[in-house]
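2 protein chains.
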Amino acid sequence: MAKANAFYAQSGGVTAVINATAAGVIETARQHKDRIGKVYAGRNGIIGALREELIDTSKESARAIAGLRHTPSGAFGSCRYKLKSLKENAREYERLIDVFRAHNIRYFFYNGGGDSQDTAHKVSQLGEQMDYPITCIGIPKTVDNDLPLTDCSPGFGSVAKYVAISTREAALDVASMCESSTKVFILEVMGRHAGWIAAASALASDGPEGPPHLILFPEVPFDTDAVMARVEQTVQKAGYCVIVVSEGARYADGRFLAEAGTKDAFGHSQLGGVAPTLAGMIKDRLGYKYHWAVADYLQRAARHIASATDVKQAYAVGQAAVRFALAGRNAVMPIIERRSDKPYRWRIGEAPLAKVANVEKELPRSYISRDGFGITPKARRYLAPLIVGEDYPPYKGGMPQYVSLRKQLVPKKLPAFEI
Amino acid sequence: MAKANAFYAQSGGVTAVINATAAGVIETARQHKDRIGKVYAGRNGIIGALREELIDTSKESARAIAGLRHTPSGAFGSCRYKLKSLKENAREYERLIDVFRAHNIRYFFYNGGGDSQDTAHKVSQLGEQMDYPITCIGIPKTVDNDLPLTDCSPGFGSVAKYVAISTREAALDVASMCESSTKVFILEVMGRHAGWIAAASALASDGPEGPPHLILFPEVPFDTDAVMARVEQTVQKAGYCVIVVSEGARYADGRFLAEAGTKDAFGHSQLGGVAPTLAGMIKDRLGYKYHWAVADYLQRAARHIASATDVKQAYAVGQAAVRFALAGRNAVMPIIERRSDKPYRWRIGEAPLAKVANVEKELPRSYISRDGFGITPKARRYLAPLIVGEDYPPYKGGMPQYVSLRKQLVPKKLPAFEI
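Residue numbers (numbering that gives the first Met the number 0), protein chains in the order written: chain A, 0 to 418; chain B, 0 to 418.
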């Protein structure tokens, strides 16, 4: 393929390391200026492509791009915007191709979760239909760790580390207060459909005894009596009880323990507030003094305590995406392949987008302990290496020095487009 | 004074650095074995003294004691237990003296907030009355920063750093999502009566523009219309709005926002939680998509991101307490005296317990901006140096290596005592 430009976009909920992936894409592309002209980044993700709001990353210094490696969240802006099917909304796909054509974009790098891989796959199909050759590479990202085929998703290791450390720290706090004060501590973590993040809290202790003493997964129907009995037993035995609950915890009939009542752009219910709901039950049924925390965005933005393993993998999938594109691969996604648990060894592999799109990887039942409140040794072997290593950002005056970009837009060439 | 033993106890809500103070006390005492025999620590604070549950710290290795410097929460256990006045409860004070006498304890180090300094003061008075010479030294500790006379309280700098960093990180997250998703993010922080912790969130940005765009202090009556108007303006101008709210935020009539009694989707009342209450108002009045987080114990236990300045000061007050005792001082508390803001210089001073006990230091009005939603340059000058420096704990396998102690109890000599 002759020299052409590339388009990179961040999609969906951001992570502590998605910018490390951006650095991997941009730095690798800059090493191949004979093949890739400029890397344009979508301002606020794919919306930027539709609106022809393209950030010219060539205007950013090498230092700023390197700084993305230690800067959390989406430096170019992300979005929750799911393109409908080609049939329902050919207009938007055609607009993408129009914008790509206008700016000589022949490489499309889409950095996101399952929905985004679906979009990348559709764009590749449309390129063929519209006879516009475009190389589409999906790049995995999601704190939820629910992408299939890849051993883990960049973004997950850092949230896992944050949750494990926060659980350990809060557990020490409750342990020291429980004699005369707080007996139960509840930490609510993300994970709408899959309990991967909640499971990672088990790394707070070396063994199954905990803390955390109870983990409540979306995969295990919430049984009020069983949970209350276990909380009471634990307080009697250990003096206190630490519970980590997934935002997606639900009853056997499918109702979530807490539902904010709003839905996001993908039609998913916006959850939050399981922790206070559970705290209320414990107060009513057992009468214990409690505290609860909801980590929410703090957990996925916590670059200050990112996993070095996660940062490396996030960078590596960005780098691999460009290499795949240059090698003529299309409609594929770089994945993490695990070679061994201990010592932990991994390498980059490749998966076709057709197999990735819209498939969610649940926490396997073999990872959840028989009683449903903890993880198995198998899960621990899987999770443990993902949080290894610290990768501290530089600090000045006590604060991490996160970069901000110039984000200079490329002049528009097309008429405006309503989304 | 002839050689005698010392008693050390941790009191009230624990912090990321109170164990650094314990290390300061124990390591300094170990350097003076000619004067101080053993340091006994109260198991679960003063309750341990009343129950004659004394942890023999001489059974802990030098390495374990040094490890306290990087271990959060109260390693010996703390308590929420306030001794009543001497008149109302002479029995408990007399028990303390009995226990001290039985174990030849002539030094009393009490590590806590205002209530604890009051207790330490009373014990010193009682010692005189009962003709039992006991040297009482209070040691400051509180995340709330509300102790008088000391420029700051050990424990505060680390929670300030945690809150400032978390606010910056979450703000980057919302900024990257706001175009198509979350527009408002609310972080609830501690501070029932004083807005020091909330104020520290302003360090997330270099200037008054934020984020955080609004800080809601307990000191400023909550005015729903004014807050909603400001949130709306901010979203229109910046595209998103980050709010940091103190758990003690209240209406002009004194009612806490957290008591406002909102209900979740199932009609259960939402228990506690200013953040979800405020989120509900914003949804109802402005319709913005929101996220909220409640840091709760995570903020005060976050040793992984403690302020190096705070760790140093926490150690120094422990060290100074022992030196004061050896110098024959009594009924005093070491304090932090600020010599200059920039460069930040401080030294240890001394305050009489009589002046410390039961006095709360509010956030001065001159630290709050005129509109009530931010801090002044004066406040920034005060706060900025307290979060400077990182003091990372050692890690293994991705997790901080916090020490746990043997906590071997000294054999009891007295009859049991009911508390």
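In short, the hints are calculated from the structure, not lab data.
Even for Gly, the Cβ is constructed at its ideal location relative to N, Cα and C.
Treat the hints with care, since some could be wrong.
Now the stretches of chain B that chain A is said to cover, found in silico as 3 or more residues with beta-carbon under 8 angstroms [what the hints assert, rightly or not]: (1) 189 to 200; (2) 217 to 229; (3) 388 to 396.
Simulated pairs of lysine to aspartate or glutamate, EDC-like, Cα-Cα distance not exceeding 20 angstroms [said to hold, decoys possible]: (4) 395(A) - 390(B); (5) 395(A) - 258(B); (6) 395(A) - 222(B).
Quick list of simulated restraints, FRET-style, between CB atoms [stated by the list, open to error]: (7) 403(A) - 251(B): 53 to 59 angstroms; (8) 254(A) - 231(B): 31 to 37 angstroms; (9) 408(A) - 231(B): 26 to 32 angstroms; (10) 408(A) - 207(B): 24 to 30 angstroms; (11) 337(A) - 251(B): 55 to 61 angstroms; (12) 285(A) - 344(B): 36 to 42 angstroms; (13) 284(A) - 236(B): 45 to 51 angstroms; (14) 395(A) - 84(B): 31 to 37 angstroms; (15) 251(B) - 88(A): 32 to 38 angstroms.
Hint check:
no.	hint	in the structure
1	189 to 200	violated (count 0)
2	217 to 229	violated (count 0)
3	388 to 396	holds (count 5)
4	395(A) - 390(B)	holds, 14 angstroms
5	395(A) - 258(B)	violated, 39 angstroms
6	395(A) - 222(B)	violated, 36 angstroms
7	403(A) - 251(B): 53 to 59 angstroms	violated, 39 angstroms
8	254(A) - 231(B): 31 to 37 angstroms	holds, 33 angstroms
9	408(A) - 231(B): 26 to 32 angstroms	holds, 27 angstroms
10	408(A) - 207(B): 24 to 30 angstroms	holds, 28 angstroms
11	337(A) - 251(B): 55 to 61 angstroms	holds, 59 angstroms
12	285(A) - 344(B): 36 to 42 angstroms	violated, 51 angstroms
13	284(A) - 236(B): 45 to 51 angstroms	holds, 47 angstroms
14	395(A) - 84(B): 31 to 37 angstroms	violated, 49 angstroms
15	251(B) - 88(A): 32 to 38 angstroms	violated, 51 angstroms
The structure is inconsistent with the numbered hints 1, 2, 5, 6, 7, 12, 14 and 15, although it conforms to all the rest.
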